[in-house]
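Dock the two chains into a complex; use the hints.
Below are the chains, spelled out letter by letter.
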Amino acid sequence: EVQLLESGGALVQPGGSLRLSCAASGFPFSAYAMNWVRQAPGKGLEWVSSIRNDGGRTSYADALKGQFTISRDNSNNTLYLQMNSLRAEDTAVYYCAKERSRGTMADNFDSWGQGALVTVSS
Amino acid sequence: DIQMTQSPSTLSASVGDRVTITCRASQSIGVWLAWYQQKPGKAPNFLIYRASTLESGVPSRFSGSGSGTEFTLTISGLQPDDSAIYYCQHYFGDSATFGQGTRVEIK
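Chains A and B, in that order, are what the protein sequence lines are.
Residue 122, in this note's numbering, is where the first sequence stops; the numbers in between run on with no holes.
Residue 107, in this note's numbering, is where the second sequence stops; the numbers in between run on with no holes.
So that you can see chain B by itself, here it is in the shape it has in the complex (with noise of 0.2 angstroms):
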């Protein structure tokens, strides 16, 4: 099985900063990746998809990058409503695989 690994696991940042997420896959896994976005109490938010795609009506400071074995999710001009878990997940034929999460605090 394909196992999918985020980091940092927690990362403090300033308003306006720019963020780098990174999630690894234990094989190649082509640009089938997606980012979620989960804040306190509620569903996850759906942002990027084939690695780099945004999402419709996702803000434009979202970005993913990424192939093979190393994604990145960057928010460019971090904001308060920013603060959130985020989420990447591998999907190939009929199954997905989430990462552990990546927790943005703002400091």
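Next comes chain A alone, as it looks inside the complex (with noise of 0.2 angstroms):
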């Protein structure tokens, strides 16, 4: 069974900085590309950022290049989410999904995790 577990969700300052992880297991980790999804509180989803299986190859929703990086680590089957310059509109459940097949990168997302609570305030 795929599990998808999302830690590193706080309370943090405008300006400040989080790294999100999500823990994998039940699947070949290194097989799939990653990706992480947001939702802000009451809103609907939207596409962050996603990371090739052997993590050579990332994309970024337009808005958060630079602000965001997305990594993996295959050896613990760990994904990662920095992000930094944080502002109160970055409020969101970040949720770490798993693509559907192999060799595609944020396409079709079949498992996800529980979500990560970031909230952004002062």
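These aren't lab readings, by the way, just hints derived from the structure by calculation.
It is possible that part of the hints are untrue.
[What the hints assert, rightly or not] Straight-line C-alpha distance at most 16 angstroms; calculated EDC-like pairs for lysine to aspartate or glutamate:
(1) K43/A x D73/A
(2) K107/B x D81/B
(3) K42/B x D110/A
(4) K65/A x D94/B
(5) K107/B x D1/B
(6) K65/A x E46/A
Nothing here was measured: the structure is a model prediction, and the numbers come from that model.
Now the structure itself:
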């Protein structure tokens, strides 16, 4: 059974930084691209970032380029999202999501974690 | 950038009804469209990909259709468990865009 467990969500002041982690199990982590999707309180889903299975290619939502960095550690089956210069509008639940098919990236997200809440406020 | 617009924003229907949600793209996207269901306080659940292919394990009352700029998600025989928000998602070239969601309520 695929399991994705996010951690690292917290209350952070505007301008601060935070790193989210997503521990994966139940599937060959190094074979699949991984993704981050966020959801602001009471709002819809927003794709954030994706990373190829080997970490050699990444992509970001245009508004988040230069602010967020996605990475992965295939030896520890863990996905990361480094978030810098955080603003109130970054307040959201952040989900990690597994790519459905090997060889694709930012396509279909067939398994999701339970989410990590990031609150940006003074 | 391609925009995805869903309609209606909310719909209310009775158990057993046939329900249709529409997703329109601001330009042609072929069949690169997926659908997700999200229940309150839960992560989304993946339903359909490539506009009309049902993910394994998803009940057959769910179906998708369309291509180009107009797509539909149909629930044939609405069940109480189908009360949720449904999102369409365009995917192409290492990026993805979600629609704003359609809330389905049971009368």
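To see whether the hints hold, each was checked on the structure:
The straight-line distance between the Cα atoms of K43/A and D73/A is roughly 31 angstroms, outside the 16 angstroms bound, and the hint therefore fails. For a cut-off of 16 angstroms, the pair hint linking K107/B to D81/B stands: about 13 angstroms separates their Cα positions. Taking the CA atoms of K42/B and D110/A, the gap is about 14 angstroms. The hint holds against a cut of 16 angstroms. Only pairs whose Cα atoms come within 16 angstroms are accepted, and K65/A paired with D94/B is accepted, the gap being roughly 14 angstroms.
About 37 angstroms separates the Cα atoms of K107/B and D1/B, which puts this hinted pair outside 16 angstroms; it is violated. The suggested pairing of K65/A with E46/A holds, with an alpha-carbon distance near 14 angstroms, which does not exceed 16 angstroms.
When each numbered hint is compared with the structure, violations occur for hints 1, 5.
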